[in-house]
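> Here is what each chain is made of, one letter per residue.
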Amino acid sequence: MKDISCKLLVIGAGPGGYVCAIRAAQLGVDTIIVDAVPRPGGTCLNIGCIPSKALIHAADEFAAAAERATGDSLGISAGKPQINLAQTMEWKAAIITRLTGGVSGLLKKAGVKRVTGPARFRDGRTIEVETDTGVQVIHTANVVIATGSSPAELATLPFGGPVITSTEALALTEVPASLAVIGGGYIGLELGTAFAKLGAKVTVIEAAKRILPQYDADLTRPVTRRLKDLGVKVVCDTKAIGLTGKGMLQIDGPEGESRIKAGKVLVTVGRRPVTDGWGREELALEMDGPYLRIDQHCQTAMRGVYAIGDVTGEPMLAHRAMAQGDVVARIVAGQKMQWDKQAIPAVCFTDPEIVTVGLSPDQARESGREIKTGVFLLSANGRAMTMQANQGFVRVLARADNHLVLGIQAVGKGVSELSAAFSLALEMQARLEDVAATVHAHPTLGEALQEAAMAALGQALHA
Amino acid sequence: MGQHTIKVPDVGEGIAEVELAEWTVAIGDLVREDQVLALVMTDKATVEIPSPSDGKVLWLGAAPGDKMAVGAPLIRLEVAGEGNTETTPEVSASETAPARSAKEPEMGEPHPPEPHPPEPLPPGRPVSTAPSPATAGAHLPRPEGEKPMASPSVRARAREAGVDLRRVAGSGPAGRITHEDLDRLAVAPDAAGPGAGYRRNTSVERIKVIGLRRRIADRMAQASARVAPITYVEEIDVTALEDLRKSLNAARRQDQARLTLLPFLMRAMVQAVARQPHLNAHYDDEAGMIEQSGGVHIGIAAQTDAGLMVPVVRHAEARDLWGCAAELNRVSEAAKAGSATRNELSGSTITITSLGALGGIMSTPIINVPEVAIVGVNKMAIRPVWDGNAFAPRKMMNLSSSFDHRVIDGWDAAVFVQKIKTLLETPALIFMEG
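Chain order of the listed sequences is G and B. Counting in our numbering, the first sequence runs from 1 upward without gaps. Counting in our numbering, the second sequence runs from 1 upward without gaps.
Hints may contain errors.
Which chain B residues stay away from chain G? Per the calculated CB distances, all over 10 Å, these [claimed, not checked]: (1) Leu30; (2) Thr46; (3) Ala63; (4) Ser151; (5) Arg215; (6) Thr239; (7) Asp243; (8) Ala274; (9) Ala302; (10) His315; (11) Ala357; (12) Gly359.
One-sided excerpt, in silico: chain B residues whose CB lies under 10 Å from chain G [to be verified]: (13) Lys7; (14) Val8; (15) Arg159; (16) Glu160; (17) Ala161; (18) Pro229.
No lab work stands behind these hints: they were computed from the structure. Owing to the predicted nature of the structure, the values given are computational and were not obtained by experimental measurement. By construction, the Cβ of each residue, glycine as well, lies at the ideal position given by its N, Cα and C atoms.
So that you can see chain G by itself, here it is in the shape it has in the complex (with noise of 0.2 Å):
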């Protein structure tokens, strides 16, 4: 196969790559992208946000159903709801194969050229890709490695037969009666709460003090109650030992060792940056930790060699992979670009939503600076109470001398569209007088961030 060269060759086409790819070949890079897979979108759109999201969706619409059949506080009563999960997923797969079309839409439109198979280094300068008509040698003159994270793995719940992944989980085209979430994070609940709500009776092991552990006990104290609402049992500082032969999932508690019933087992104790099986051995990288250390410019040890996304390490989110692709499809195309963002967002699909942007309320005191804190509480909404949504609220921390914003969070249902607010006011750097200047409109749960930037300069109106 003859040899071809580029400007850009990016290795994974996740939100990360893809992104990359497509920016630098709009600002004219001859660009390459390379995937194992012949369906762009990485994690993300295959087996990760977006399935997810169709999966919590699914299951919101079955439990509120549910709740019809007993007769719900609206007055409205319907039949005991059923649900064929095997048509839920043909109607997740068609939502994957429309963005997935979309992306590989986007790819061509933007003229970037595309090679499946796995890629691996041969020297900083040179890529061979094992495709299905032979391997084929590209030469590039930058190269951006964005190639993504995997479920990890438990050494006592080594993936296979009960024991899934993420991936499984997002692929069952039945509810199992009964399922073990080893992990309270963010996946593991997400799923876990969404498998309840379609009546799978759901044990959710978390080996640290509480989930949600990254996370102010204000925050997650809804998610809790929510998850004890839907029979969820949540056993916390307690670690999962293995499978014993009846298919018992055995765990080691504070209250010693016990087994529980478990038709699968969801395991989603975190996620690995994939560092190897490209040839990062051909290359003079440094690590950071488990993860490929970058710079200002996503470059790492090595001219021209760029790294984005989860394999450069926390937060793991798609979001910060592409801004991150952006920035460097940009440098490539000889612009003046550097990584500044002030903030990265992260929201929590649970039930109800997270959303947290900037310095949590520990880390802003940990700065030493005198804090001011603004909280409005859902309950005083006028639109979350029609919306059935008044858990939660609406947290503002900024600084006491000169009230720049240092962190928003919130925490409710449908909270996550209010991450577009929360990040702007992070990235135009305002002060609370900018978001309480700011009009917002009514009745919006929006209103809960204007009025919590009003309670931290003293001035609420509603509270």
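Using the hints provided, position chain B relative to the given structure of chain G.
Just chain B, lined up with the frame of chain G:
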């Protein structure tokens, strides 16, 4: 014991290749951790490659002077414990070094056959001996460590203009830096301002200089390096010559080529070198010998699709005007068609270069070494010329001629060009013998 391969590290100069300057160890040497193994050179600095661990040198990947790609294997050590290198099967040089690296490293001794699982040791960090630029700490508008406050568009504009916002005082609320603050600093507006509409093109194409282009480059470099050129420009009144050319062309026979100005110039040169034979010569500077040629073989620099070629009209002294024109046509066409023989493209003793309508008003022709003279024809134009009483419109043309001043003095050059001028201005003289 294991084997540890150290690769050429990225030395932070933005380049993919380094030159191995020196080995500070030899095969069989025992080395300590951090001991310098080699010096590699970039355009800007010499960089030391330290050893990542104690060990014994097994194999060296290149000889001093070799260019090596970043990431290519540089040196292999025998180290305690497991190395990072599979000892079987042997990797071939072509697999480990890119085709673009200047030289493939020679593989040394065959290695002991026991395999080790690869386990990378931390690669040797390059230590640059070039001084790092000092970061000057000037006046800061806000306390140390405090981030400047600015919206993304202000930050982008500052970045594009190379302005460090940490050094910019902000006039906005709470010290926020605004676009107006940047205006005051006379920072250029956004690169992608309204109405620009053009896209930056940062593409760089690398084209290998081969074939005819390389031959031209070599010849030009040789000429530029060895010849001491003198260029002499004179204007010629070609009004009479043009009249003659027109009447001759009007009366030409079917089998005769159309006359351009060049056959007249060729004949004039034949006459001029008859008096100054040392201008129709080759100078062999290595032998210290001038080879004067009896035959006047005139090279005609011609642009072809492949590049510059110089087809030769041999023995112009033995051809009349029409003969020169016919032969000129023939060899030029052959060169353009790519069918010219080696004989038709070599052996000239003096050269003419002409770009016709593109000839400009003056040029500095490069001598076609080993020749010693070249005559450049510039564009013909009607210019007002003072004839003693009034300005008259005359057809004027410059000749820009270069000579190898090592063997041709300025005086000789001037005499030669003046002779040609006389002949071309009174073209009847061209047809007079002697």
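> All hints, please: hold or fail.
Right, here's what the structure says about each hint:
Every CB of chain G is more than 10 Å from the CB of Leu30 (chain B) (nearest about 24 Å), matching its label as outside the interface. No beta-carbon of chain G is positioned within 10 Å of the beta-carbon of Thr46 (chain B); the least distance is around 18 Å. Remark: the non-interface label on Ala63 (chain B) is consistent with the geometry, its nearest Cβ contact in chain G lying 19 Å away (cut-off 10 Å). For Ser151 (chain B), the non-interface assignment is contradicted: its Cβ lies about 5 Å from the closest Cβ of chain G, within the 10 Å cut-off.
In this structure Arg215 (chain B) is separated from chain G by more than 10 Å, as the shortest Cβ-Cβ distance comes to about 26 Å. Thr239 (chain B), annotated as away from the interface, keeps every beta carbon of chain G farther than 10 Å; the closest lies near 53 Å. The claim that Asp243 (chain B) is not at the interface with chain G holds, since no C-beta of that chain comes within 10 Å of its own (minimum 55 Å). Every CB of chain G lies more than 10 Å from the CB of Ala274 (chain B), the least distance being 57 Å, so the non-interface label holds.
Non-interface status of Ala302 (chain B) relative to chain G is upheld: no Cβ of that chain comes within 10 Å, the nearest being about 34 Å off. For His315 (chain B), the shortest C-beta to C-beta distance to chain G comes to about 50 Å, beyond the 10 Å cut-off, and the non-interface label holds. Every Cβ of chain G is farther than 10 Å from the Cβ of Ala357 (chain B); the closest lies at roughly 36 Å, confirming the non-interface assignment. Its beta-carbon lying about 37 Å from the closest one in chain G, Gly359 (chain B) satisfies the requirement of being farther than 10 Å from that chain.
Interface hint status for Lys7 (chain B): upheld, as the beta-carbon distance to the closest one in chain G is roughly 6 Å, under 10 Å. Look at Val8 (chain B): its Cβ gets to within about 8 Å of chain G, closer than 10 Å, so that hint holds up. Because the beta carbon of Arg159 (chain B) sits about 5 Å from the nearest beta carbon in chain G, less than 10 Å, this interface hint is met. Given hint, Glu160 (chain B) at the interface with chain G, holds; its Cβ is 5 Å from that chain's nearest Cβ, closer than 10 Å.
Annotation: interface hint on Ala161 (chain B) holds; nearest CB of chain G at approximately 8 Å, less than 10 Å. The closest approach between the C-beta of Pro229 (chain B) and any C-beta of chain G is roughly 39 Å, which is over the 10 Å cut-off, so the hint fails.
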